[in-house]
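S.K.: Each chain, written out:
Protein chains: 2
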Amino acid sequence: MRANYKMQRLFVPDDLGPEIEFDAGHQQSHYLLHVLRLGEGAEILLFNGRDGEWSAAIAAKSKKAVKLRVLARQRPQPPLPDLVYCFAPLKQGRLDYLVQKAVEMGAGVLQPVITQHTQVAKPSIDRLRANVVEAAEQCGILAVPQVREAEKFERLLTAWDKERRLVFCDEDASTNNPLPALQAVSERKLGLLVGPEGGFSDEERKLLRALPFVTAIPLGPRILRADTAAVAALAVMQTTIGDW
Amino acid sequence: MRANYKMQRLFVPDDLGPEIEFDAGHQQSHYLLHVLRLGEGAEILLFNGRDGEWSAAIAAKSKKAVKLRVLARQRPQPPLPDLVYCFAPLKQGRLDYLVQKAVEMGAGVLQPVITQHTQVAKPSIDRLRANVVEAAEQCGILAVPQVREAEKFERLLTAWDKERRLVFCDEDASTNNPLPALQAVSERKLGLLVGPEGGFSDEERKLLRALPFVTAIPLGPRILRADTAAVAALAVMQTTIGDW
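Residue numbers (the working numbering), protein chains in the order written: chain A, 7 to 250; chain B, 7 to 250.
Bound conformation, chain A alone (with noise of 0.2 Å):
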């Protein structure tokens, strides 16, 4: 069933079932009534990652909080693609977009990854997690992906779970379409790593290019800003190898 997208949508941190009344969060009541100025009766949706989509009321409001009670399903909960995605973080504005690309795009993880030519030190986990509900709450989305902390590019790799394989956008690839090189992996579990605006170093390129869950991908002939890769790269893997 396609999402509603007419109907304000509100990720909630409370369970979600048939009749739960709870109260809505001093951010969440100030949206509801004052900028949204809904009243008593008014319907909305809900989401909290874990139990699908639910209509609900407002049930009772005052001047600052607002009881919701839940309605009925009208969504189940779909599972969360699994795909990690990596990235070195841009300078807020350009960050936020990612985020919200990412999300849209159907990343289950993000993953923050600092590498030698990023230019933004760690970024705010918090606001980080803003933006994908954000962008969940606007484009209906309710599996709502994991953001975790930072990690230095070279720990990341060490850790990696070998069954996974790890995409990444390579400036310097001597071709220009990803479609054979991503129609060769055959692993479910994916990962995608997208570089900072200077591009990986020769030696993190080197680095990658001899692991074996690795896949370096082109994208095309001309130069890609970070962010435009980044929804580029996952759409070229959404439609041969994810969830398209």
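FYI, nobody ran anything at the bench for these hints, they're computed from the structure.
Take these hints with a grain of salt, some might be off.
Identical copies go unnamed one by one, so any copy, or any two together, can satisfy a pair.
In silico BS3-like cross-links for lysine-lysine, where the CA-CA straight-line distance does not exceed 30 Å [as the list claims (entries may be wrong)]:
1. LYS73 with LYS168
2. LYS195 with LYS73
3. LYS12 with LYS128
4. LYS195 with LYS67
5. LYS12 with LYS212
For chain A, the structure is supplied; the task is to place chain B on it using the hints.
M.R.: Chain B only, in chain A's frame:
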């Protein structure tokens, strides 16, 4: 030869060839002198969308003006990709982004389209062109896409070259994977149509599906924002029937 993306790259209207000298425009002189703070003899890369990419040196400078001397050609002029990218304008920041991504992904023509659910008025063509140039400068793209005046949806389709295959992103598709539909395309002249945030209306979708030169493609099981759909669609198109 891969683009040198470490040297500053500047778009100029002037013809480029060995030993040509010309004064940089007011805005660019300011940029070279006061932002980049380049001195006499400093080298940059120039392109004009016609003559390929040339190295050039600052031949002389005064407080306000910069004279450039063209040195040697670095890359030949590639052909403009035969891909007409049609998009419903989004709100400012997202629109700038959408345009930049389209340039990076190899659009040859940018065609704004006004649909029923388009939320913004006709976009400023000057602003679109400025974004196109900036994206080309940053990513070393020499075949600079043309920007056309906005057209109404019905008129776009009525005037459409019937030998050009028009691909559109179909939110209502019953399948998820775009590859089969794309692999069935035989035309070499291509177009892509991405709708507004609110999607196409039922009438618009009906009209599109009835046209023989139109191919509908799904983009996975999740809802995508318009600017995400744009990059994802361009990636799957370029990798199957485009210049990847």
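S.K.: Are the hints correct? Go through all of them and say.
M.R.: A quick look at each hint next to the structure:
Taking CA atoms no more than 30 Å apart as the test, LYS73 paired with LYS168 passes in neither setting, with 47 Å inside one copy and 57 Å between copies. Within a single copy, LYS195 and LYS73 get their C-alpha atoms no closer than 41 Å, and across copies no closer than 56 Å, so neither meets the 30 Å cut-off. With identical chains, the CA atoms of LYS12 and LYS128 are at most 30 Å apart between copies only, with a shortest distance of 25 Å across copies and 36 Å within one. When the C-alpha separation of LYS195 and LYS67 is checked against a cutoff of 30 Å, the pair qualifies neither within a copy, at 46 Å, nor between copies, at 58 Å.
For a Cα distance limit of 30 Å, the shortest separation of LYS12 from LYS212 across copies, 21 Å, qualifies, whereas the shortest one inside one copy, 48 Å, does not.
Violated hints, in rising order: 1, 2, 4; the structure is consistent with all others.
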